[in-house]
Amino acid sequence: MRPDLPKKAGTGGKTLAQSSPAGGPQSVPALLHRNAQKFANAPAYREKEYGIWQSWTWSQTRDEVEALALGLLEMGVNEGDFIAIIGRNRPYLYWAMVSAQMVGAVPVPLYQDANAEEMAYVMNHCGARFAVVGDQEQVDKIIEVQAGLPDFEQMIYLDPRGLRKYDHSALTQYENVQELGRQHREKHEAALKARQDKLDYDSTGVMLYTSGTTGKPKGVVLSNRNVIETAKSSSEFDGLRQTDDILAYLPMAWVGDFIFSVGQAMWTGFCTNCPESADTMHVDLREIGPTYYFAPPRVFETQLTNVMIRMEDASRFKKWLFDHFMAHARKVGPALLDGKTVSFGDRLKYKLGELFVYGPLKNTLGFSRVRVGYTAGEAIGPEIFDFYRSLGINLKQLYGQTEATVFITAQPDGEVRSDTVGVTCPGVELKIADNGEVFYRSPGVFVEYYKNPESTADTKDAEGWVATGDAGFIEEDTGHLRIIDRAKDVGQMADGSLFAPKYVENKLKFFPNILEAVVFGNKREECTAFINIDLTAVGNWAERNNIGYASYQELARHPQVMDTIQSHVEEVNASVAGDEMLSGCQIHRFVVLHKELDADDGELTRTRKVRRRIIEEKYDDIIAALYGDDKTVSTETEVTYEDGRKGSIKATLEVRDAKVFPVTKRMAAE
Amino acid sequence: MKDQADSYVTDDGRTIGPVVMEMKNITLRFGGVEAIKDISFDIREGEIRAIIGPNGAGKSSMLNVISGFYVPQEGEVWYKGAKRPPMKPFQVAQQGIARTFQNIALFEGMSVLDNVMTGRLTHMESGLLGQSIWKGKAEAEEIANREVAEKIIDFLEIQAIRKTPVARLPYGLKKRVELARALAAEPTILLLDEPMAGMNVEEKEDMSRFVLDVNDEFGTTIALIEHDMGVVMDLSDRVVVMDYGRKIGDGTPDEVRNNQEVIDAYLGVAHD
Numbered sequence: 001m002r003p004d005l006p007k008k009a010g011t012g013g014k015t016l017a018q019s020s021p022a023g024g025p026q027s028v029p030a031l032l033h034r035n036a037q038k039f040a041n042a043p044a045y046r047e048k049e050y051g052i053w054q055s056w057t058w059s060q061t062r063d064e065v066e067a068l069a070l071g072l073l074e075m076g077v078n079e080g081d082f083i084a085i086i087g088r089n090r091p092y093l094y095w096a097m098v099s100a101q102m103v104g105a106v107p108v109p110l111y112q113d114a115n116a117e118e119m120a121y122v123m124n125h126c127g128a129r130f131a132v133v134g135d136q137e138q139v140d141k142i143i144e145v146q147a148g149l150p151d152f153e154q155m156i157y158l159d160p161r162g163l164r165k166y167d168h169s170a171l172t173q174y175e176n177v178q179e180l181g182r183q184h185r186e187k188h189e190a191a192l193k194a195r196q197d198k199l200d201y202d203s204t205g206v207m208l209y210t211s212g213t214t215g216k217p218k219g220v221v222l223s224n225r226n227v228i229e230t231a232k233s234s235s236e237f238d239g240l241r242q243t244d245d246i247l248a249y250l251p252m253a254w255v256g257d258f259i260f261s262v263g264q265a266m267w268t269g270f271c272t273n274c275p276e277s278a279d280t281m282h283v284d285l286r287e288i289g290p291t292y293y294f295a296p297p298r299v300f301e302t303q304l305t306n307v308m309i310r311m312e313d314a315s316r317f318k319k320w321l322f323d324h325f326m327a328h329a330r331k332v333g334p335a336l337l338d339g340k341t342v343s344f345g346d347r348l349k350y351k352l353g354e355l356f357v358y359g360p361l362k363n364t365l366g367f368s369r370v371r372v373g374y375t376a377g378e379a380i381g382p383e384i385f386d387f388y389r390s391l392g393i394n395l396k397q398l399y400g401q402t403e404a405t406v407f408i409t410a411q412p413d414g415e416v417r418s419d420t421v422g423v424t425c426p427g428v429e430l431k432i433a434d435n436g437e438v439f440y441r442s443p444g445v446f447v448e449y450y451k452n453p454e455s456t457a458d459t460k461d462a463e464g465w466v467a468t469g470d471a472g473f474i475e476e477d478t479g480h481l482r483i484i485d486r487a488k489d490v491g492q493m494a495d496g497s498l499f500a501p502k503y504v505e506n507k508l509k510f511f512p513n514i515l516e517a518v519v520f521g522n523k524r525e526e527c528t529a530f531i532n533i534d535l536t537a538v539g540n541w542a543e544r545n546n547i548g549y550a551s552y553q554e555l556a557r558h559p560q561v562m563d564t565i566q567s568h569v570e571e572v573n574a575s576v577a578g579d580e581m582l583s584g585c586q587i588h589r590f591v592v593l594h595k596e597l598d599a600d601d602g603e604l605t606r607t608r609k610v611r612r613r614i615i616e617e618k619y620d621d622i623i624a625a626l627y628g629d630d631k632t633v634s635t636e637t638e639v640t641y642e643d644g645r646k647g648s649i650k651a652t653l654e655v656r657d658a659k660v661f662p663v664t665k666r667m668a669a670e
Numbered sequence: 001m002k003d004q005a006d007s008y009v010t011d012d013g014r015t016i017g018p019v020v021m022e023m024k025n026i027t028l029r030f031g032g033v034e035a036i037k038d039i040s041f042d043i044r045e046g047e048i049r050a051i052i053g054p055n056g057a058g059k060s061s062m063l064n065v066i067s068g069f070y071v072p073q074e075g076e077v078w079y080k081g082a083k084r085p086p087m088k089p090f091q092v093a094q095q096g097i098a099r100t101f102q103n104i105a106l107f108e109g110m111s112v113l114d115n116v117m118t119g120r121l122t123h124m125e126s127g128l129l130g131q132s133i134w135k136g137k138a139e140a141e142e143i144a145n146r147e148v149a150e151k152i153i154d155f156l157e158i159q160a161i162r163k164t165p166v167a168r169l170p171y172g173l174k175k176r177v178e179l180a181r182a183l184a185a186e187p188t189i190l191l192l193d194e195p196m197a198g199m200n201v202e203e204k205e206d207m208s209r210f211v212l213d214v215n216d217e218f219g220t221t222i223a224l225i226e227h228d229m230g231v232v233m234d235l236s237d238r239v240v241v242m243d244y245g246r247k248i249g250d251g252t253p254d255e256v257r258n259n260q261e262v263i264d265a266y267l268g269v270a271h272d
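The listed protein sequences derive, respectively, from chains W and C.
The first sequence stops at residue 670 when you use UniProt numbering, and every number in between is there.
The second sequence stops at residue 272 when you use UniProt numbering, and every number in between is there.
Derived by calculation from the structure, the hints in this document are not laboratory data.
A hint or two may mislead.
With a Cα cut of at most 20 Å, we get these calculated PhoX-like pairs of lysine-lysine [to be verified]:
{"id": "1", "chain 1": "W", "residue 1": "Lys351", "chain 2": "W", "residue 2": "Lys318"}
{"id": "2", "chain 1": "W", "residue 1": "Lys48", "chain 2": "C", "residue 2": "Lys151"}
{"id": "3", "chain 1": "W", "residue 1": "Lys349", "chain 2": "W", "residue 2": "Lys318"}
{"id": "4", "chain 1": "C", "residue 1": "Lys83", "chain 2": "C", "residue 2": "Lys24"}
{"id": "5", "chain 1": "C", "residue 1": "Lys204", "chain 2": "W", "residue 2": "Lys646"}
{"id": "6", "chain 1": "W", "residue 1": "Lys216", "chain 2": "W", "residue 2": "Lys451"}
{"id": "7", "chain 1": "W", "residue 1": "Lys48", "chain 2": "C", "residue 2": "Lys163"}
{"id": "8", "chain 1": "W", "residue 1": "Lys631", "chain 2": "W", "residue 2": "Lys609"}
{"id": "9", "chain 1": "C", "residue 1": "Lys151", "chain 2": "C", "residue 2": "Lys135"}
Where chain W lies over chain C, by a calculated footprint (3+ residues, C-beta under 8 Å) [stated by the list, open to error]:
{"id": "10", "stretch": "11-18"}
{"id": "11", "stretch": "157-163"}
We put the CB at the ideal spot given by N, CA and C, even for glycine.
Make a model of the complete structure from these sequences and hints.
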């Protein structure tokens with residue numbers, strides 16, 4: 001149930017931008033036509049294929065999109081149909097989304113690594129009649145579940161490889177659809193124009209399914225207003241321009257990718273670059289050198305870990321150079337980036353560091369040209385955040401969600417900190433409910449959850465305020481929003497003190513050795529935790545110390561690894577003890593899990609968020625042991641392999657006690 | 001038995017063409033050892049033909065006869081309807097027969113891309129001088145060859161290691177690079193000598209998929225030696241079984257599986 005809201009509104013006035021800009025493009029296809037005129041010969045999309053960056057200008061893009069749209073008309077796509085889009089980031093699939101919009105249909109991008117049942121649920125829920133998919137893998141998945149999809153009719157695929165022998169009665173190759181469209185141009189041209197003319201600010205632009213930390217995914221309907229208004233205001237916020245480059249490598253089903261690679265790209269006319277394959281992302285990143293870059297904290301973490309591992313292997317002189325200049329960068333780098341005054345000597349030394357260390361390092365990472373970089377989705381470790389900022393990379397944080405068309409708050413240049421998520425974006429209003437839950441209202445607020453009026457009503461009230469499901473507060477002096485945890489996860493300990501698992505988990509995850517952590521303790525006497533080690537970092541440590549291991553499981557239960565993790569847990573406890581409000585969340589006992597939490601086993605969402613309830617049920621025996629007295633616990637867990645087969649792992653886990661600390665009397669905001 | 005010149009369609013809808021290569025009464029001796037004794041079999045266009053048998057059965061020797069590395073003392077090799085005179089391996093390669101090796105034989109110090117490019121050698125016409133100064137024909141030729149190489153790199157999904165020196169790659173990927181190099185020659189017949197040896201289940205599944213895709217996509221005829229029975233039975237259209245240099249079975253996987261002599265050879269019975 002929804003908590004009662006206080007009547008007091010947060011910031012800003014009551015009126016929302018309900019009007020549309022006079023005469024401006026009112027739909028994504030209209031923006032494409034504008035760009036094809038305005039930036040005709042500028043690059044719109046690039047993709048590396050066969051070792052070479054292939055590119056398409058805006059006018060070529062329009063021709064490609066139109067050809068596909070005409071083909072879709074010939075195939076009988078109706079207005080209001082849903083078209084599923086599944087595959088890795090490729091220009092063709094982005095075009096397919098715009099083509100779908102052109103013919104009045106609604107594109108529904110799906111996670112490409114979703115399994116067949118997850119896909120079946122979504123496709124059934126929206127009643128998709130058509131799907132545009134990348135390759136054989138996706139075709140196979142849909143064929144597997146096709147019998148249970150009464151509305152489904154036709155599949156369009158990009159890569160013909162391995163599909164030669166398939167029954168082609170409901171299967172057409174992408175370029176053949178375009179060819180079909182070109183052949184029947186005269187027949188459908190008028191209809192295509194008529195359908196595009198009908199599109200306005202309130203027509204549906206896209207439907208995106210939320211990853212669903214609880215329950216089934218919900219289809220978030222976003223209108224053209226949501227998409228264009230958000231793209232416009234966020235582009236202005238960061239001064240994005242037509243000459244910018246982005247690398248599109250995050251899942252197409254995620255709202256962020258849609259807004260960056262379609263919304264903002266269409267609004268500002270910048271170029272969207274698609275990597276050759278998921279494995280080549282880092283090489284492609286280096287080659288493109290994006291100017292506007294987005295990555296979840298995990299990506300930054302991995303890159304930093306890799307840098308550190310490689311520096312361990314560098315020659316002594318190089319290592320000295322790196323350590324020396326990085327220390328200097330930590331001292332003055334962030335200040336320089338924020339435009340604060342720094343002494344001449346320090347400036348000079350930083351310049352020298354740029355020459356020897358920062359410049360080459362940024363080049364290796366692919367960040368040489370980054371003007372605006374964002375991270376979001378999870379909290380980022382302060383050390384990681386500072387590392388990138390000290391190199392002179394303008395990395396910032398933002399806070400958003402699918403229902404808001406991404407942007408709720410973002411950090412303006414010069415006001416960047418690792419512990420806040422920034423100030424409200426243009427046009428957004430915020431308020432905090434009594435229980436700490438954050439509410440917002442903006443032109444980006446979604447239309448509805450498709451076929452789910454109850455959830456819509458639960459989330460969005462009549463005045464347009466949307467519950468984020470996150471608990472947080474606004475800092476009084478700076479106006480920055482800080483997020484503590486998911487509101488539904490925030491609970492109470494048995495003694496009545498506040499329980500905020502994510503807050504502790506994040507602190508744990510800031511250690512490179514810890515990949516994932518799940519903290520329990522709601523309505524209990526004390527807190528306990530599951531921990532996943534990071535195989536890259538711990539494996540590298542093991543290799544350096546001549547510790548042999550054959551599997552994740554074996555490494556995870558190594559006594560020295562357990563000791564290290566214990567020391568990390570105790571460090572976190574010490575830091576948690578510094579905060580009176582949350583000092584009850586110190587971890588008393590923990591285990592290092594015998595397997596990595598995995599989305600295939602339903603333990604994480606596809607965006608790698610922990611599904612608490614499922615984990616609690618699945619590992620109830622281990623949790624019982626954490627709250628018991630035993631020193632070990634034997635368990636057996638079912639796992640799903642990548643090819644879909646199931647197996648099980650048996651293990652005996654050691655339960656460790658960690659030292660807890662008395663509350664230090666300091667009223668910290670942290 | 002189907003007629004040699006006929007095509008037929010398999011149960012899974014693939015068209016198998018007429019005989020493209022025929023081995024007639026091949027005998028190969030090393031001193032007093034008879035590695036291959038009077039063996040005859042044929043390979044049809046577009047099929048996947050497996051040669052199986054216990055260790056020392058003479059499988060690799062057979063492959064080496066096909067690729068021209070060994071010249072048999074007796075018997076004839078017929079290729080595309082004509083009897084093949086004794087040839088050097090490079091001449092055989094020029095005729096469109098490419099192979100991979102049981103013990104990977106790549107250029108370890110060179111990048112994956114360069115290794116794949118060496119597979120294009122039989123398709124290059126410009127001379128040493130032309131290639132050195134890289135002008136005119138040599139340049140156009142290299143661009144065309146690079147395109148073929150890149151399509152194969154894309155096909156085998158090894159884009160991420162394109163510029164990596166082969167020495168740094170794990171075993172399973174090296175096997176894939178070797179397949180890429182053989183494919184770069186755009187062969188009529190592809191000989192694979194134990195393509196899945198030493199691989200784990202996942203790598204075997206990947207490799208099997210690539211072998212099927214190559215056959216499907218390029219229509220390449222494939223002759224392969226393999227020990228993993230599961231793989232052989234799944235992949236191949238017809239199987240030749242060898243034991244002690246003799247042919248003890250020949251036919252579809254099902255026929256071979258039920259052949260008493262084959263069962264004996266694999267399960268082991270006392271030889272006379």
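Verification of the hints:
1. Restraint check for Lys351(W) and Lys318(W): satisfied, since their Cα atoms lie roughly 18 Å apart, inside the 20 Å limit.
2. Between Lys48(W) and Lys151(C) the alpha-carbon distance is near 12 Å, which keeps this suggested pair within the 20 Å criterion.
3. A hinted pair counts as satisfied when its Cα atoms are at most 20 Å apart, and Lys349(W) with Lys318(W) qualifies at roughly 17 Å.
4. Of the supplied pair hints, the one linking Lys83(C) and Lys24(C) holds, its CA atoms being roughly 10 Å apart against a limit of 20 Å.
5. Pair hint Lys204(C) plus Lys646(W) holds up; C-alpha atoms about 19 Å apart against a cutoff of 20 Å.
6. For the suggested pair Lys216(W) and Lys451(W), the alpha carbons sit about 13 Å apart, so the restraint of at most 20 Å is met.
7. For the hint pairing Lys48(W) with Lys163(C), the CA-to-CA distance comes to about 15 Å; that is within 20 Å, so the pair holds.
8. At roughly 29 Å between alpha-carbon atoms, Lys631(W) and Lys609(W) are farther apart than 20 Å, so this suggested pair is violated.
9. Of the pairs offered as hints, the one joining Lys151(C) and Lys135(C) is violated, with about 24 Å between alpha carbons and a cut-off of 20 Å exceeded.
10. Requiring three or more residues with a Cβ within less than 8 Å of a Cβ of chain W, the coverage given for the stretch 11-18 of chain C holds, as 3 such residues are present.
11. For the stretch 157-163 of chain C, the proposed coverage by chain W is satisfied: 4 residues have a C-beta within less than 8 Å of a C-beta in that chain, meeting the threshold of three.
Of the numbered hints stated above, those contradicted by the structure are hints 8, 9, listed in ascending order.
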